[in-house]
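Asks: Following the hints, complete the assembly by docking chain B onto the known chain A.
Each chain, letter by letter, is given below.
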Amino acid sequence: MNYSAEEIAEVINMLNHEDLDIRSVTLSLNTLFAVSDVPERSIEKLSSLNPALSRFSEVVELVEEKLGVRIVTKRVAVSPVQYFLEPIPEMEYAVKLGKHLDSMALKSNLDYIGGFSGYADRGVSRGVQAMLESLSEVLNSTTRLSGMLNAASTQEGLNVDAVKLFTAQLLKMSPHASSRVAIMANSPQDSPFVPSAHHGRGMPNSSINIAVSGPGVIAGAVRRAKPSSFQELYEVVKKASFKVTRLGELVGRVVSEELGVPMGSVDLSLAPSPKVGDSVAEILEVMGISRVGGHGSLAALALIMDAVKKGGSMATNLVGGLSSAFIPVSEDSIMALRMKEGHLELNDILAMSAVCNSGIDMVGVPKSEGEEKITALILDVLSLGLILNKILGVRVIPLDGKPGEEIDLGGLLGKVVIAKMKEVDSSQFTSRTGFIPTPVKRLELG
Amino acid sequence: METAVIVVIGADKPGIVAGISSKLAEKNVNIVDISQTVLRGIFSMIMIVDLDTGHVSIGQLREELQRRGKELGVEVLVFHGEVFKFMERI
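Going line by line, the protein sequences match chains A and B.
Here full-length UniProt numbering is used: the first residue of the first sequence is 1, the next is one more, and so on.
Here full-length UniProt numbering is used: the first residue of the second sequence is 1, the next is one more, and so on.
Since the hints were derived computationally from the structure, they do not count as laboratory data.
Where hints are given, some of them may not hold.
Pairs of lysine-lysine, DSSO-like flavour, derived with a Cα cap of 30 Å [as the list claims (entries may be wrong)]:
1) A:Lys275 <-> B:Lys85
2) B:Lys85 <-> A:Lys226
3) B:Lys70 <-> A:Lys275
Residues on chain B that point at chain A, a partial pick, calculated with CB under 10 Å [stated by the list, open to error]:
4) Val7
5) Lys13
6) Ser44
7) Ile48
8) Asp52
9) His55
10) Gly59
11) Leu72
12) Val78
13) Gly81
14) Glu82
15) Phe86
16) Ile90
Simulated restraints, written as ranges between beta carbons of each label pair [as the list claims (entries may be wrong)]:
17) A:Gly411 <-> B:Val38: 37 to 43 Å
18) A:His295 <-> B:Ser57: 52 to 58 Å
19) A:Glu6 <-> B:Arg67: 25 to 31 Å
20) B:Lys70 <-> A:Lys45: 45 to 51 Å
21) B:Val38 <-> A:Asn16: 16 to 22 Å
22) B:Ala18 <-> A:Glu58: 34 to 40 Å
23) A:Asn16 <-> B:Gln60: 16 to 22 Å
24) B:Lys27 <-> A:Lys226: 42 to 48 Å
25) B:Arg67 <-> A:Gly411: 28 to 34 Å
26) B:Arg67 <-> A:Gly370: 54 to 60 Å
27) B:Lys70 <-> A:Asn50: 35 to 41 Å
28) B:Ser57 <-> A:Ser141: 39 to 45 Å
29) A:Asp400 <-> B:Gln60: 46 to 52 Å
30) A:Lys226 <-> B:Ala18: 25 to 31 Å
Please read these numbers as outputs of a predicted model, since none were measured by experiment.
The beta-carbon is built from N, C-alpha and C at its ideal position, and this holds for glycine as well.
Bound conformation, chain A alone (with noise of 0.2 Å):
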């Protein structure tokens, strides 16, 4: 096959100067069948997935490696811990699970492992509760475990008193424990990213996920293109996705083929990182926002969304996970910049997640707010995906000190900038107990 030396130069500007990668290679692990009413028996059978992990690590960086393409994270995600934890409600079994599962992520060299996770959409079962009530303790003591509540679906409704025992949790955590759990409204089954990364029901036994991270690719594009109307802007965004998820379309067939376990999904998600360049704000920026926050910010990632998902479907059939534009704050230089200089809110973050996936992600909220305060946030963006009918997820890092203030995480979380929130109680509305019913849209669904 022959290319033209602007084809090769095109394909090798994105990988090396607009930091084109591969977010993360997920291998997603059907682990039920070390569910047992025995504590140590089901230690002693997840510890028998270790020569499978080590060997997806191995792949994983044989493939980095044969097609010279930069893969930033290897992943596994494994079955919700809440179906371990339903024979055993137990916190100190809770406890050692994932510690346990921390410990295998780390002996096989992997970055995550997903799955300290549970379903309570409309009640709290027994494995949930335990789950829940460990989860502060568990993530204290853990460095690459992640975990999701999945409180709220269009299918079963909002469950409040879920969300505030999360809430409780959260208050508890580290800065680095609570940046490693969420809590999601219509979590799909299937997704690459963590803190949501889980083995659901419905799937094969294993497969293997992949994300791919490209906000460079598209500024880069749109910024050379310099379009003049709406529809050229959309044109360049369109063909600019195609080209970033066909390379992880191209990274998950190799990896799957190596390890002989079946390709899952691509999701089409752009994800940035904290590195210049690599950042979903500057694209809104390039297209013409001069600040993040600004009106028509929401106009814009709502274009940019659409054409990534028209390109992105085209380069792979595959598609899954969360396929957004993710705008977790701390892991976007612009993006956290906005909100330490004020044009970003808490409210804007909200108002954007009406048109992308990611909710209210990776920002810092006050400690001295309290749990009322934080429960209501959590609320009005499960609220969002109940009735639009759509994936969100909350995940905030309570801190201790004032709005503006920021803590450094490191590595891919960036920094956190603490939000200013409402001065507003809404304790009163929060103070009920139960659950939201289901929305009108579950009659539609039958």
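Replies: Chain B in isolation, oriented as in the chain A frame:
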């Protein structure tokens, strides 16, 4: 045929093509296509090579070529041909 794309960029001077291609010959890696230009003193070369003929993995080849590149004062990039096929062709 398993191919690799080699890109070499740097300040122009005698011996760059010879330096890179002799390393390829040493490893029995066949050059399928080669294009080279010098623009305002900047040397740039793109090579498509056949990995099947060689007795070296692409990772080792990359490492050795980059070492050679360092000696020659040029930057060497090596990517698998599949990357270009996937991103530029439907």
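Asks: Hint by hint, which ones does the structure fall short of?
Replies: Numbers 5, 8, 9, 11, 30 - these are the hints that the structure violates, sorted from lowest upward.
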